[in-house]
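Colleague: Sequence:
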Amino acid sequence: MKGKCAIWFIFMLLCMLFLAACSGDGGAKTDKVEEESGGASEEGTKGEKEATANEEQVLVFGRGGDSVSLDFASVSDGESLRVTENIYESLLDYDKESFEVVPGLAHDWEVSDDGLRYTFFLEEGVTFHDGTPFNAEAVKVNFERWADPEHTYAFADEGYAYPLYGSMFGGYKGDDAHNIKEINIMNDYEVEFVLNAPQGPFLQNMAMSYFAMTSPTALEKYGSTINENPVGTGPFKFVSWSKNDQIVLEKNANYHKEGLPKLDQIIFEVIPENSARLIALRSGEVDIIDGINPDDAASIESEEGLDLYVRGENNIGFLGMNVEKEPLNDKLVRQAINYAVDTDAIVEALYAGYATTAANLIPPNYLGYNDELEPYAHDVEQAKELLAEAGYADGFEMDLWVMPVSRPYMPDPETVAEIVQSNLQEIGITTNIVREEWAPYLEKTGKGEQDLYLLGWSGSNGDPDYFFDSLLHGDSIGGENRSFFQNDEVDKLIDQAGAEIDQDKRAALYKQVQTILHEEVPGVNIVHSTPLVAAKNKVKNFIPHPSTSDPLEEVEIATE
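So for the sequence shown, our numbering puts the first residue at 1; every next one is plus one.
Hints may contain errors.
Simulated pairs of lysine-lysine, BS3-like, Cα-Cα distance not exceeding 30 Å [what the hints assert, rightly or not]:
(1) K492 with K511
(2) K251 with K96
(3) K540 with K511
(4) K444 with K325
(5) K96 with K262
(6) K540 with K96
The calculated label-pair distances, taken between Cβ atoms and stated as ranges, are [stated by the list, open to error]:
(7) G174 with P364: 35 to 43 Å
(8) S98 with K540: 19 to 27 Å
(9) L373 with E158: 38 to 46 Å
(10) E100 with D371: 21 to 29 Å
(11) E158 with D114: 46 to 54 Å
(12) E374 with E258: 46 to 54 Å
Calculated directly from the structure, the hints in this document are not laboratory data. We treat Cβ as the ideally placed atom computed from N, Cα and C, and that holds for glycine.
Put together the whole structure using the sequences plus the hints.
Modeller: Encoded structure:
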């Protein structure tokens, strides 16, 4: 392409149109700088993107919402992790189609007989995107910034917090339950983690996207703006971010895995409406989309030129309750709401067979799933009786917060909210639907401004601890526990299960947790979905991961 540009430059007086086309090459990368300063037109951006896509290996990924942050450990939303998965890498990784732990930036590891020492042997010759060497010191810096609110790179004064670190490793530096006792640098490419107690899912946790490596040089350079200036070791480098529009990544030419990545550029484009994303796919504006309305699955599957992908069942969509607010602090009211909400009707109406009604927080294929428990039946009379017993025979009024974006576990949250609203009206509960943009929605529900709220959770490590500890442990209040639910017995069982190495014993403990939650009901478990992805059939080697964070380094665009 550069050779063509040189020729056109020589003859530019005769070939002005070709010169204009050539100067547009480079696509969104060049245009984004102008756009952010107010210089580029929408038409110019689209034309440039189409020209680039035709001539380079460019993948345009249409998604329902924007990322909240590109500092992965400080957030938990799937839209952020979808992007950071391709910029950063963790010490360990997961198999392409499952949560089986495989090597990542560490090519091997050893575990002591007592389960308290984990030694990781690091890949040599790996560099961050800014040229900083990846080594044991970088590992130590990253983990210590998450663990210690006083660390130079924790940026706590700027509002940063790392809730998943606290959930997965028992707290933070100085907390009695914090399980990482020390991190020892044995040499440049060998690092040892010493634990205070054995931890069943430790290796599973180490492979999570939340605990990937950021360049220490970048942390020093960008400070608290690291969330908009990500620098990892992964297959793609950050180029630009136009909020609520698109994020652009480009190929890491110095990637340590030979022959990868195959794509030159990835553009993550925000298209909020499911139907609009499908139209964009069919028109060729984008190459791949998620958040498919299940009702569209059959037509996509039969349509020439499109491929339909189905992820494994690995999530929960729920109606959460802020149990600190009256009358939701009364178990009888919470049970009444569970009887009132017709979860079977929601699943039947909105998922076209790509889901099951949820009885428990964790999916049925997870360790310790309690199959003796059934979903609450839709029983209006029973719900009314419980409300009367609680002293609310005449009902009451409260807010119902609804997500503004389609999520894998809930492709159509607006309709779910309407069904829930109608169901609750039948028993005398009036709900006022509240809508917020995605980032404020997560922030405000985390602070407890809501009464009822729709949300969900996709498994990131294949372990039940990620669901129970993150969403319902008392220590996670102020983080992902947006129900503000705390039960001493539940906390004790979750802690015991997390510290247990024997998987059968862990399973038994988690079954006890589910039995208690089925009685206490801090929310309504609605659905476990099998999320859908659609792509142009020119997109090759795409494998949808159950975590919904898809590694794209092996994806390529077939040339015609």
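Colleague: Determine for every hint whether it applies to the structure shown.
Modeller: The hints, checked one at a time:
1. The suggested pairing of K492 with K511 holds, with an alpha-carbon distance near 13 Å, which does not exceed 30 Å.
2. Taking the CA atoms of K251 and K96, the gap is about 20 Å. The hint holds against a cut of 30 Å.
3. Proposed proximity of K540 and K511 is contradicted: the alpha carbons are some 41 Å apart, above 30 Å.
4. Among the hinted pairs, K444 with K325 is consistent with the structure: their alpha-carbon atoms are about 15 Å apart, no more than 30 Å.
5. Proximity of K96 to K262 is assessed by CA-CA distance (about 16 Å); at most 30 Å being required, the pair is judged to hold.
6. Taking the CA atoms of K540 and K96, the gap is about 15 Å. The hint holds against a cut of 30 Å.
7. At roughly 39 Å, the beta-carbon separation of G174 and P364 lies within the given 35 to 43 Å, and the hint holds.
8. Evaluation of the 19 to 27 Å hint for S98 and K540 yields a pass: the beta carbon distance comes to about 21 Å.
9. Range check, L373 to E158: about 43 Å between beta-carbon atoms, so the 38 to 46 Å window is met.
10. The hinted range of 21 to 29 Å is satisfied by E100 and D371, whose Cβ atoms lie roughly 23 Å apart.
11. The given range of 46 to 54 Å is broken by E158 and D114, whose C-beta atoms sit roughly 39 Å from each other.
12. Between E374 and E258 the CB atoms are about 52 Å apart, so this pair conforms to the stated range of 46 to 54 Å.
Hints 3 and 11 from the earlier list are contradicted by this structure; the remaining hints agree with it.
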